[in-house]
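J.: What follows is each chain in one-letter form.
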Amino acid sequence: MIDSKVLPTDYVTQPGRFRTSTGKTLKTDEMIINMGPQHPSTHGVLRLEIVVDGEIVVDVIPHIGYLHRCFEKHAEHMTNYQQVIPYADRMDYLASMNNDWGFALAVERLMKIEVPPRVEYIRVIMAELQRIASHLIAVGTFGIDMGAFTPFLWCFRDREHILDLFEMTCGARLLYNYIWVGGVSHDLPALFVEKAKDFCKYFKPNIVELNNLLTYNEIFVKRTANVGVLPKDVAVNFACSGPMLRGSGISWDLRRDDPYGVYDKFEWEVQIGKGEMGQVGDVWDRYIVKVREMEQSVKIIEQALAAIPEGNVMSAIPKRIRPDHGEIYVRTESPRGELGFYIISDGSTSPYRVKARAPAFVNLSVLPEIAQGCMIADLVAIVGSTDIVLGEVDR
Amino acid sequence: MGLLDYKFESSNVFITSLENLLNWARLSSLFQMQFGLACCAIEMMAASASNFDIMRFGVIPRATPRQTDVMIVAGTVTLKMASRIKRLYDQMAEPRYVISMGSCSNCGGPYWEHGYHVLKGVDRVIPVDVYVPGCPPRPEALLEGIMKLQEKVRKESMSKKAHKA
Amino acid sequence: MTSQEIQDTLKSKFGDAVLESKLDAQQPWIKIATNKAKSIGFFLRDEPSLQFDFMSCLSGVDYNDGSLGIVYHLYSMVHKHKIVLKASCTKDNPHIQSVSDVWGTANWHEREAFDMFGIYFDEHPDLRRILCPDDYPGFPLRKDFKVPEFYNGMKVPY
Numbered sequence: 001m002i003d004s005k006v007l008p009t010d011y012v013t014q015p016g017r018f019r020t021s022t023g024k025t026l027k028t029d030e031m032i033i034n035m036g037p038q039h040p041s042t043h044g045v046l047r048l049e050i051v052v053d054g055e056i057v058v059d060v061i062p063h064i065g066y067l068h069r070c071f072e073k074h075a076e077h078m079t080n081y082q083q084v085i086p087y088a089d090r091m092d093y094l095a096s097m098n099n100d101w102g103f104a105l106a107v108e109r110l111m112k113i114e115v116p117p118r119v120e121y122i123r124v125i126m127a128e129l130q131r132i133a134s135h136l137i138a139v140g141t142f143g144i145d146m147g148a149f150t151p152f153l154w155c156f157r158d159r160e161h162i163l164d165l166f167e168m169t170c171g172a173r174l175l176y177n178y179i180w181v182g183g184v185s186h187d188l189p190a191l192f193v194e195k196a197k198d199f200c201k202y203f204k205p206n207i208v209e210l211n212n213l214l215t216y217n218e219i220f221v222k223r224t225a226n227v228g229v230l231p232k233d234v235a236v237n238f239a240c241s242g243p244m245l246r247g248s249g250i251s252w253d254l255r256r257d258d259p260y261g262v263y264d265k266f267e268w269e270v271q272i273g274k275g276e277m278g279q280v281g282d283v284w285d286r287y288i289v290k291v292r293e294m295e296q297s298v299k300i301i302e303q304a305l306a307a308i309p310e311g312n313v314m315s316a317i318p319k320r321i322r323p324d325h326g327e328i329y330v331r332t333e334s335p336r337g338e339l340g341f342y343i344i345s346d347g348s349t350s351p352y353r354v355k356a357r358a359p360a361f362v363n364l365s366v367l368p369e370i371a372q373g374c375m376i377a378d379l380v381a382i383v384g385s386t387d388i389v390l391g392e393v394d395r
Numbered sequence: 001m002g003l004l005d006y007k008f009e010s011s012n013v014f015i016t017s018l019e020n021l022l023n024w025a026r027l028s029s030l031f032q033m034q035f036g037l038a039c040c041a042i043e044m045m046a047a048s049a050s051n052f053d054i055m056r057f058g059v060i061p062r063a064t065p066r067q068t069d070v071m072i073v074a075g076t077v078t079l080k081m082a083s084r085i086k087r088l089y090d091q092m093a094e095p096r097y098v099i100s101m102g103s104c105s106n107c108g109g110p111y112w113e114h115g116y117h118v119l120k121g122v123d124r125v126i127p128v129d130v131y132v133p134g135c136p137p138r139p140e141a142l143l144e145g146i147m148k149l150q151e152k153v154r155k156e157s158m159s160k161k162a163h164k165a
Numbered sequence: 001m002t003s004q005e006i007q008d009t010l011k012s013k014f015g016d017a018v019l020e021s022k023l024d025a026q027q028p029w030i031k032i033a034t035n036k037a038k039s040i041g042f043f044l045r046d047e048p049s050l051q052f053d054f055m056s057c058l059s060g061v062d063y064n065d066g067s068l069g070i071v072y073h074l075y076s077m078v079h080k081h082k083i084v085l086k087a088s089c090t091k092d093n094p095h096i097q098s099v100s101d102v103w104g105t106a107n108w109h110e111r112e113a114f115d116m117f118g119i120y121f122d123e124h125p126d127l128r129r130i131l132c133p134d135d136y137p138g139f140p141l142r143k144d145f146k147v148p149e150f151y152n153g154m155k156v157p158y
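From first to last, the protein sequence lines are chains A, B and C. Reading the first sequence from the start, the letters are residues 1 to 395 in my numbering. Reading the second sequence from the start, the letters are residues 1 to 165 in my numbering. Reading the third sequence from the start, the letters are residues 1 to 158 in my numbering.
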């Protein structure tokens, strides 16, 4: 059986002193190692400068900016607010629907536009399907980082079903440009509701299969339990959000606590980490929060599909949107956490300033605090559990 | 596979030139450098997953540039990253090929106009063999790009390469 | 607490460091003096009736009239109220006191504001560029920024 609550052994607490078999201690030197921008486990172009003492990490300095694509400059120069949506897509490319919705919601709240009820239900269905797709990639690539290749293939196979649904609706597999300010770009095709219901029925046993394969696997638990513990006060001080915050035991979800859309009409639960395999807030807790959130998303989608009303999919707004002078900050729950858009409008058709508050940027800044004293292989697990997408970190 | 089957249908012997043999060996096992930068990397990963399966073309991802034949530059190349790409390209052993996947590495993509930190096309720092258009290109488009590269390798000749060098 | 009560509590402790405010906007904001940002930050975080422990966002703005500004979006997970703080400085003397000791997340946000706008944060532990390369000329998100023609031998414009 797995023995839980295993504390780290004492060599971790005494860096710099390794005992030989005769009991003599060896004084060692520290090295600076580069886990460079091209690395199979850094989930993109992230550079980590690691100060190691043997195998134990003394300090980690992340260097970002290798994918800085000037989103905010482009947003200022676009001649229409709707033209910013494709750029917002490409920020967090694994959760494009959530990004589109975040930006569209910010502009709609600034202009006080009401969208038709059918649009609200479509947006919730798309956002939850996108959440499942994003968590599937997070779980699959995390498994590969831990050395398990099969969950990656299974997760991508399931994700292809979701991408088929998206392609049926708006024609694109990855970057949709679907949720526009005031509505959505295309109505749902005739077979969408039926196919989405089939997908939910198909997907539920697959989560059980994934749990049997990976979640309670002894090697996986030994590699992830008690590693990278994020205490509650550090998490809140560093403004972590999403599964990082919920994995530390704080029950906080913007869909319930700062509500938007029609989430209050559905029954679902916020999942938190409880320290089942190790301490609360370790890597395993963050992982299990993602798996359980997928189950909850399926529940929300089924309820939304059953209750979706008829209607038109675009509200009556002019083609060239012109908000009044003003500014607003609106936040939504993307699969990685709190995605916020701060928009300043100066009364013209293009925004004056758009600032995107990316959850992965903020979650990554807590890495130096939680990675001290672990080994290099544990560092890979911690970075994988942070679930960063470099497009969002660098914008 | 199909090439060998056809040749072995009638008899057990087939005669070819050294060039054809070498080119066939090179194009059937193009090892790829795992080099995903941005959104196109996800489509590249989807191409290597089970639905589209790039491994049946012999393309296996390797982590180090020293063991690879082809570098698929998938995603936006920024100014900060460009010097690293040049260094990685220099570390690859010849014969080496580059596939530029997606519109950002072809020509700057959607960031061509106001991107102050985006390199407008990876061919400003390294030579590119095949350009695959799309934003992002579908996995089938990437597979066609690999097949076009295979055609290019099939037509290579050792004598012409010596003249070029 | 409403934004009027928050402003009154701040004014009673800091008096003249609270400059102006607009409490009837869609998201009410309070402007503070740039050299008192850290002490105001500690007060907002630790005072039991306010307890703004979650800093959602810190953005830089170029107001195009010779001044640069910072906008802080704060939220309290205990009391569930929000407030927006603003601080502004001129382009000739762009210095604002750093709040990275108060909220750990401000560290990277302030580095980004420095990178994009050129605002110097006093007492910041590690102020260097975060997104652009270290030797990049200029501050990109300022309204008067010109894209460099060449960077390290590579042509930048299309």
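Hint data in this document are derived by calculation from the structure and do not stem from the laboratory. Every value quoted in this text rests on a predicted model; they were computed, and no experiment measured them. We treat Cβ as the ideally placed atom computed from N, Cα and C, and that holds for glycine. Keep in mind that the hints are not guaranteed to be accurate.
Not everything, but these chain A residues come out facing chain C in the computed CB check (under 10 Å) [unchecked claim]: (1) Cys70; (2) Trp154; (3) Arg157; (4) Phe166; (5) Glu167; (6) Val234; (7) Asn237; (8) Ala239; (9) Arg255; (10) Glu327; (11) Asp346; (12) Val362; (13) Leu364; (14) Arg395.
J.: Could you run down the list of hints and mark each one as holding or not?
T.: Here is what the structure says about each hint:
no.: 1; hint: Cys70; verdict: 7 Å, holds
no.: 2; hint: Trp154; verdict: 35 Å, violated
no.: 3; hint: Arg157; verdict: 36 Å, violated
no.: 4; hint: Phe166; verdict: 29 Å, violated
no.: 5; hint: Glu167; verdict: 31 Å, violated
no.: 6; hint: Val234; verdict: 7 Å, holds
no.: 7; hint: Asn237; verdict: 5 Å, holds
no.: 8; hint: Ala239; verdict: 4 Å, holds
no.: 9; hint: Arg255; verdict: 15 Å, violated
no.: 10; hint: Glu327; verdict: 7 Å, holds
no.: 11; hint: Asp346; verdict: 9 Å, holds
no.: 12; hint: Val362; verdict: 6 Å, holds
no.: 13; hint: Leu364; verdict: 8 Å, holds
no.: 14; hint: Arg395; verdict: 8 Å, holds
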